[in-house]
Every structure is written in C-alpha cells, then in structure tokens.
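Undergrad: Single-letter residue listing:
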Amino acid sequence: MLFGFEWDLSSPAAYAASILPILLIGMWVTIQATVIGFIVALVLGLVWAVLKAAPFRIIAWPATVMTEFIRDTPLLVQLFFLYYVLPEYGIVLPAFMTGTLALGIQYSAYTSEVYRAGIEAVAKYQHEAARALNLTPARTFTHIVVPQAVPRIVPAMGNYLVSIMKDVPVLSVVTVLEMLNVAKIVGDRTFNYLVPLSMVGGLYLVMTLVASAGVRLLDGWLPKQGVPLK
Amino acid sequence: MNDPIIKFDKVIKRFGDLTVLDELDFEVGRGEKVSIIGPSGSGKSTVLRILMTLEGIDGGVVTVNGEPLWHEEGPDGLRPASEAHLHKMRTQLGMVFQQFNLFPHMTVLRNITEAPVKVLGLSKAEAKGRAEELLELVGLADQAQKYPHQLSGGQQQRVGIARALAMRPNVLLFDEPTSALDPELVGEVLNVIGRLAEEHDLTMLLVTHEMRFAREISDRVCFFDQGRIREEGTPEELFTDPKEDRTREFLKAVLD
Ligand SMILES: Nc1ncnc2c1ncn2[C@@H]1O[C@H](COP(=O)(O)OP(=O)(O)OP(=O)(O)O)[C@@H](O)[C@H]1O
Ligand SMILES: [Mg+2]
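As given, the protein sequences belong to chains A and B, one line each in that order.
According to my numbering, the first sequence is numbered sequentially starting from 1.
According to my numbering, the second sequence is numbered sequentially starting from 1.
One should not assume that every hint holds.
[Stated by the list, open to error] Below 25 Å or equal to it, Euclidean Cα-Cα: the simulated SDA-like pairs (lysine to any residue) are:
#1 B:LYS146 - A:LEU218
#2 A:LYS124 - B:LEU78
#3 B:LYS118 - A:GLU128
#4 A:LYS230 - B:GLN143
#5 B:LYS128 - A:GLU113
#6 A:LYS230 - B:ALA84
#7 A:LYS224 - B:GLY153
#8 B:LYS146 - A:TYR193
#9 A:LYS124 - B:HIS149
#10 A:LYS230 - B:ALA125
#11 B:LYS88 - A:THR136
#12 A:LYS124 - B:ALA141
#13 A:LYS230 - B:LYS146
#14 B:LYS146 - A:TYR125
#15 B:LYS118 - A:LEU135
#16 B:LYS124 - A:THR140
#17 A:LYS230 - B:GLU136
#18 B:LYS128 - A:LEU135
#19 B:LYS146 - A:VAL227
#20 A:LYS124 - B:GLU136
#21 B:LYS146 - A:VAL122
[Unchecked claim] Covered stretches of chain A (chain B as the covering partner; in silico rule of three or more C-beta atoms under 8 Å from a C-beta of chain B):
#22 115–129
#23 173–185
It should be emphasised that the hints constitute simulated quantities derived from the structure, not laboratory data.
For each residue, glycine too, the CB sits at the ideal point set by N, CA and C.
So that you can see chain A by itself, here it is in the shape it has in the complex (with noise of 0.2 Å):
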C-alpha cells in the first residue's frame, strides 16, 4: 500500500491498474517540478542575460563565471550543494522546493544563452530605424527587440521544458516522491519492477509529447515577424 491505494498482484494487468493512481500521483509532483523548475530557470536566465550584457564589467564579469560555473558542473553537485550545504549555514528547504530551485539554477544557464541570442539576433537595422525615430532604448528594447526576440526564444525554451522534466528523476536522490521515485518504491515492496517502471516510460512519453506538442502549438501561433503590436 502507498498513499492509500492497495495494489493487486492477481495479474500484471490488474497490478497495473492498481499502481496507476499512486504513480499519477508521483506524476503530478513531477509536472509541479518541472514547471516551478521552469520558471525559476526563465525568470533567473533573464537576469543572468541581464546582468551579462550590462555595461560594467563589475557587474558582467560575475554573471559570465557564475553561469559558466552552473553549466560546467552536473545538476547533482548543485542539488547536493543546496540540500547539505544550505542547511550547515541555517538554510532549511523542504527537499521539494531545493530540488526545483537546482532544476532551476542548472537551466537558467542555458536560457540565459537563449535570451541573448534571440536579442542579438534582432537586426542591426532595427536599433537604426528607432533611434532615427527618437525612440529611448529602454522603449526601443520593450517594444521593437523583444517583441522580435520571442518568436526565436519560444522554441528553444519549449526544448529545455521537456529537458527539465526528463532531469526531475534526479530529485529522487534528496528524497521528493516524484513519478520514478515512486515507481521504485513500489518496485521494492512488490519485488515487481518491470510493471511500474514500463508504467513511468510510457507516462513520461505522454508528458513529453504533450509539452512538445504545446510548445509547437505556440510556436505556430507567434508570427515569425514577432508579436503583433497594432
């Protein structure tokens, strides 16, 4: 028995349809970690991308080594450094959110990547047009760069969406019930692996394709020429 629900050993499909619920539940710790993950990393890369491109290197400097550090170093490290580490200096997060705050951290290296190219890559000809026009560049990045720079960001996030839930497994090892973690535990009571742990790859496959579906919905819907202003 886990969170309540009895499991039924008489044949592996029964097995299967009693373990469903307890694994949806792990799957919805899942989904809440990847899109907490996912957030911290988008509003995180921001500033990381805002940091890198400021003008002072005092500033710039710091930002470039903390986000090549992060890239540079596994998720595991980081996950371990803020659950053993955090808490010798008085830091005490529920494993939950330490575990979605190390999602966080990890990819927000790389959307910070993608938001600074998605920027650069608006042309050249852009910034000519509105400064001839007077605009201020706090009004011309607002309203002509990032505009343009969306349609270019959303896709490659909507990658590091899926990659973020296929890495929301190694939060297991700071104890968060997520979708595997549960599989496990069920595996370990029931000696019967092969039932739950097929269960979580075709779950996952359903999770991925719908993101991956999601993400080019709203990829089709953003007109390539950036996001309408009338």
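Since chain A is already given, all that's left is putting chain B with the ligands on it; use the hints.
TA: Okay, now just chain B with the ligands, sitting in the frame of chain A:
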C-alpha cells in the same frame, strides 16, 4: 551660402585605417533639395548616417540649424555631445532607409504613430490623424491595418517615408530609397519623393543612383569621390557639362 541648415566643416570619418571622409566641407541650404551621387564606397551613406547620429565623427564639426550636432557648447569650448544633446538634435532630422527598416511586428499605422506618441507626446488620436493624412499623401490610405510583410517593397518604402515625415523633421535624408526595389516598383516611390520635393519646403538630402530623377528634383547635385565632393553644381551643369574627368567617367558608366 548664408545660413545653411546643414554644414560639414572639415569633417573626418575613419573606420579603422580607412579614412572615409577626408576633411569634408559640405553645406545644404534651408529647403534645398540636394542629390548625392558617386561610386560605391565614396562615403555617401556615411554622410547621411553621421547626420542621423548613427555614426560619430573623428574630426571637424557638423552643424544643423546653426548648432553643433556631435558637439555641445561647454565652459571651455566644444565638447563631445551627450546622449541628451543628440536626442534633442535628432528631432530635426528624419531618415528613409534603403532596406525600409519598418518594424515588422507593428501594423503600418503603429509604425507611423509609435514615435510621435512616445517621443513627441502626441495623443493616440492626434497621432492617428496625422498618420492617416500621411498615408493619404503616399497613396496607402487603405493599408493602415496591414503588417509590413503583407505589402510590396514599394508600399513598404512609402510607409517608411510616411513614418519619417510623421516626426515633422526639418531635414529628410534618403539613402538609396529605391535600390532595394524591383524595377517596376521604383516609379511609385520616386513619385512620392518628387511630390514631396515640389510641395514642401522640407530640406531634402538624397543619395541615389537614379540619375534622371536626381536631375529632375534637385536644386543641386554633388558628386562624391573618395570622401570628398569632387564636383557640384546645378543638375544642368553637372549632367550636361561636367568639368572633372572623374565625374564624366562616372556619369558615362552609370548612364549607359
Ligand atoms: N561600419 C563600418 N565599418 C567599417 N567600414 C565601413 C563601415 N561603414 C562603412 N564602411 C566603409 O566606408 C566606406 C564608405 O561607405 P559608405 O557606406 O558611406 O559608401 P557609399 O558611398 O554609401 O557606397 P554605396 O554606394 O556602396 O552605398 C566603404 O569603403 C565602406 O566599406
Ligand atoms: Mg551607401
């Protein structure tokens, strides 16, 4: 020339080791229509880009309406202009680009109203009224709600002209406004520019390879060669009786 609106005084412009403008002296009178012709790389676009503050200078002084463009009066003489000074000076100038450079995510109307609302502080209704008049002027009254990619090149360039005019500049700069267009679309753009030249007291500075057109609309034509004005005069003088060999060679090459 007394009281020119634009004055280049020994202006030097370099890109690395390349000296593009070599102590250029150049003046444009109020309301004058001046065409700039010359071979590729002679510095024609650079002159316009310096005026539009898209490119700085390495020596000399540029004045617009009697005020230095790239300098400011300081306590001890001229000092390099601040961004605030450039912002103020730019209000007198407008530019029409070879590649149109419309904002692709904005409707035609928004392309034209964005700066008047945000920079000049017009109300949306005022800006829209002004934009509609200008679209009428360039023959695109029915295209206001379209996006640039839904228009032909000639239509896009006419929007580009309307967008520049919406800021009510004193000087309008055209950098090869028809070079990116299919031949059959050149005429409609030249018509609009020609009408502007005729009906407005706007000062116009036009870089072009359309010699016939330059001849028709200009008060004066300047032949640029290697960062200097090699020869200038009325269209009659320059096109029918050029004094310099270089001018003659150039005209022969482009007119054939
Ligand atoms: N940003 C830049 N960096 C380096 N060199 C430049 C730059 N802009 C222009 N140049 C060079 O300066 C010279 C003059 O350029 P400019 O664009 O003013 O010529 P142009 O007379 O307009 O020529 P065209 O008829 O080909 O447009 C050219 O040799 C060009 O390669
Ligand atoms: Mg040029």
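Undergrad: Confirm or reject each hint.
TA: Okay, the hints, checked on the actual structure:
1. B:LYS146 - A:LEU218: The hint holds at about 22 Å.
2. A:LYS124 - B:LEU78: 30 Å, violated
3. B:LYS118 - A:GLU128: The hint holds at about 17 Å.
4. A:LYS230 - B:GLN143: The hint holds at about 13 Å.
5. B:LYS128 - A:GLU113: The given pair, whose Cα atoms are some 39 Å apart, is violated under the 25 Å limit.
6. A:LYS230 - B:ALA84: Not OK: A:LYS230 and B:ALA84 at ~29 Å, beyond 25 Å, violated.
7. A:LYS224 - B:GLY153: Between A:LYS224 and B:GLY153 the Cα gap is close to 19 Å, so the pair holds against 25 Å.
8. B:LYS146 - A:TYR193: 60 Å, violated
9. A:LYS124 - B:HIS149: At roughly 18 Å apart (the allowed maximum being 25 Å), B:HIS149 and A:LYS124 satisfy the hint.
10. A:LYS230 - B:ALA125: 14 Å, holds
11. B:LYS88 - A:THR136: Holds, at about 12 Å.
12. A:LYS124 - B:ALA141: 29 Å, violated
13. A:LYS230 - B:LYS146: 9 Å, holds
14. B:LYS146 - A:TYR125: Cα-Cα ~21 Å, so holds.
15. B:LYS118 - A:LEU135: Within the cut-off at roughly 7 Å; holds.
16. B:LYS124 - A:THR140: Within the cut-off at roughly 18 Å; holds.
17. A:LYS230 - B:GLU136: Roughly 19 Å between the alpha carbons, so the hint for A:LYS230 and B:GLU136 holds.
18. B:LYS128 - A:LEU135: Within the cut-off at roughly 18 Å; holds.
19. B:LYS146 - A:VAL227: 14 Å, holds
20. A:LYS124 - B:GLU136: 30 Å, violated
21. B:LYS146 - A:VAL122: Status holds; Cα separation ~21 Å.
22. 115–129: Holds: 4 residues of the segment 115–129 of chain A have a Cβ under 8 Å from chain B.
23. 173–185: Three-residue rule not met by the segment 173–185 of chain A, so violated; n is 0.
This entry does not satisfy hints 2, 5, 6, 8, 12, 20, 23, going by the numbered hints stated previously.
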